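Number of protein chains: 2
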Amino acid sequence: MLVSCPIPKLDFDTINLGHGSGGVLTSQLLDAGVFRLLGNDLLDKKHDGAIFTLQGKVAMSTDTYVVSPLFFEGGNIGDLAINGTVNDLAMCGAAARYLSLAFVLEEGLKMEQFWEILQHIKAASEAAGVQIVTGDTKVVERGKGDKIFINTTGVGEVHQKAAIGMENIKPGDKIVLSGPLARHGITIMSHRQGLQFETTISSDTRPLNKIVLTLINEFGKDIHLLRDPTRGGLATVLNEIAVGAGLGITISQRDIPVEEEVYGACEMLGLDPLYVANEGLFVAIVDASVSDQFLFQLKQWEHGAMACIVGEVTNEHVRQVLMKSNIGGRRVVNMLAGEQLPRIC
Amino acid sequence: MLVSCPIPKLDFDTINLGHGSGGVLTSQLLDAGVFRLLGNDLLDKKHDGAIFTLQGKVAMSTDTYVVSPLFFEGGNIGDLAINGTVNDLAMCGAAARYLSLAFVLEEGLKMEQFWEILQHIKAASEAAGVQIVTGDTKVVERGKGDKIFINTTGVGEVHQKAAIGMENIKPGDKIVLSGPLARHGITIMSHRQGLQFETTISSDTRPLNKIVLTLINEFGKDIHLLRDPTRGGLATVLNEIAVGAGLGITISQRDIPVEEEVYGACEMLGLDPLYVANEGLFVAIVDASVSDQFLFQLKQWEHGAMACIVGEVTNEHVRQVLMKSNIGGRRVVNMLAGEQLPRIC
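Going line by line, the protein sequences match chains A and B. Residue 133 in numbering that gives the first Met the number 0 sits at position 134 of the first sequence, with consecutive numbering throughout. Residue 123 in numbering that gives the first Met the number 0 sits at position 124 of the second sequence, with consecutive numbering throughout.
Looking at chain A on its own, in the form it has when it is part of the complex (with noise of 0.2 Å):
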């Protein structure tokens, strides 16, 4: 069990618009709260900002949390403001170091629920190896806000032998897959329509950073783009490598893994998998001279065994993305149009 730490000893039950006033009620909670829980020698300055050093490429990514519900099986707002970060560092190449932190509360957001949150985000942050460094608190007034939203923006050094780029893809690269789509949409979509199912699905939110610095060690420039297929899910992430590259994607709908559970719940919903939020996977484009070795790399990682290879980069139907199907034809897969699910992170 992650939570552990008892609750600080504050005045209040809830958050009012005094703990974003910037004086001595933001003072207590960031005290008793935030830089008890999250402390390091960066964040104790109490600083407007953290200074430290980086080596080399530095990358910078930023993301604003708002899912809807805060829990769900499998995790919460917290770990998905850490993880999600994370992961886009990742796809960049890079081993996440520092992040910031930023809450908008809304007032009368329960102390003990804002408590158990940043919990999770200690935890998540000690599981992925990162440090918060600096962050800010904003309190808006009931019914201006939901509850919490919270902007992580993390830096990280670059590996030295990564070369992700849109414009080292060619025809022939493999397309690699993580592992099971759909499982974080499914999530949070289930429990908004109140469904049960008879195995939990659970959200796949993690840190990726561990196995793709890792892979990026062993097959440098021969992995051509990372992306980790969230909001818009795998079809619209392979419609903005096939446009962006200038090619043609295939992909074969029989090499997808998608567990049974998640299918089913997908069904009943009337939601494609290709389309549905994914928290803990990844996209390589990988050159097709160690995508089976790539592939057997990323099988050993605890949460690789379903990873596959879904399909290949071609100089055929540029700017598309073809699927196979189960049944032998080939369909175009479009990227997300409308919204299929809102507030999915």
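Everything labelled a hint here was simulated from the structure, so no lab data went into it. For clarity, every value in this text was computed on a predicted model and none was experimentally measured. The reader is advised that the hints may include incorrect statements.
Chain copies aren't distinguished; within one or between two, either way the pair holds.
Under the rule of at most 30 Å between Cα atoms (straight-line distance), these lysine-lysine pairs were calculated in the DSS-like manner [said to hold, decoys possible]:
id, residue 1, residue 2
1, Lys45, Lys160
2, Lys220, Lys323
3, Lys45, Lys323
4, Lys45, Lys56
5, Lys169, Lys45
6, Lys160, Lys56
7, Lys44, Lys160
8, Lys209, Lys44
9, Lys220, Lys45
10, Lys169, Lys44
Put chain B on the given structure of chain A with help from the hints.
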């Protein structure tokens, strides 16, 4: 007039949930708006993060801007979001270089308003000499946000001569304030109260990086600390310094610059200018040996005419701020308690 680009042709007059989906609508919004307006080599890569290099010590700072109203005399949420983070980095002795930009948009936000804010972001970035290199756009349902919240996180290189830190403050140091107090807070408050003054009071939002870096270049380690008195005002910042340095601070009311109309508005609104937020000021704790010269230089700056030495550091009344009043008495100036002006920035 800053706003000149015509609004791009989009299929919608207002933001809807699809604009946060990560799919087609997100892509259209970003391509037509954000990327077209703010584009640069790094942002144009449209990856999950940006990659660049930074030399030496790096400073990082984050803030989420939730100011209400979005537009006010002298500025708007877009200006604040750039200037505020640039200034936080300047207070670390760093020249802001790269910023991330993350939006939480409320469903129903007028596209025209979003576009206007984007243009102010562009203009403010250019004025401050920073690049927006990565970003995020989320949309929340109507009533779950308030039009627009903006997070910016910045990184920059710390000036080689900078030696800023609480530990460098010593008794005898002079406290320099760069300009007159309370303009930003009074501007926002007047808007909310629907007050009209004979003279227009406008926010002091502006980038401080150029003047601050120039001063650091000249005075180096004789600048012991820099802080911008935003939320909580001058009183709160001085209290943080007294506590952080473990020393006392004495200020003189007579020396603290407040413009006449601002002072009048404070009286009318029942506010103490010491606690009102500023967005374009800084406090410098400087070695007494250079304080006159420092002030002289600061006064050459276009916004420095009213800069003043407002007090000094002492080893008496440790961790407390005392003010000599105009009528000769001395009183303790505490940190802001509770909330004076919610959502000031």
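Against the structure, the hints come out as follows:
no.: 1; hint: Lys45 - Lys160; verdict: between (36 Å within a copy, 21 Å between copies)
no.: 2; hint: Lys220 - Lys323; verdict: within (29 Å within a copy, 66 Å between copies)
no.: 3; hint: Lys45 - Lys323; verdict: between (55 Å within a copy, 28 Å between copies)
no.: 4; hint: Lys45 - Lys56; verdict: both (27 Å within a copy, 18 Å between copies)
no.: 5; hint: Lys169 - Lys45; verdict: between (48 Å within a copy, 19 Å between copies)
no.: 6; hint: Lys160 - Lys56; verdict: both (11 Å within a copy, 24 Å between copies)
no.: 7; hint: Lys44 - Lys160; verdict: between (34 Å within a copy, 20 Å between copies)
no.: 8; hint: Lys209 - Lys44; verdict: both (29 Å within a copy, 24 Å between copies)
no.: 9; hint: Lys220 - Lys45; verdict: between (40 Å within a copy, 20 Å between copies)
no.: 10; hint: Lys169 - Lys44; verdict: between (48 Å within a copy, 17 Å between copies)
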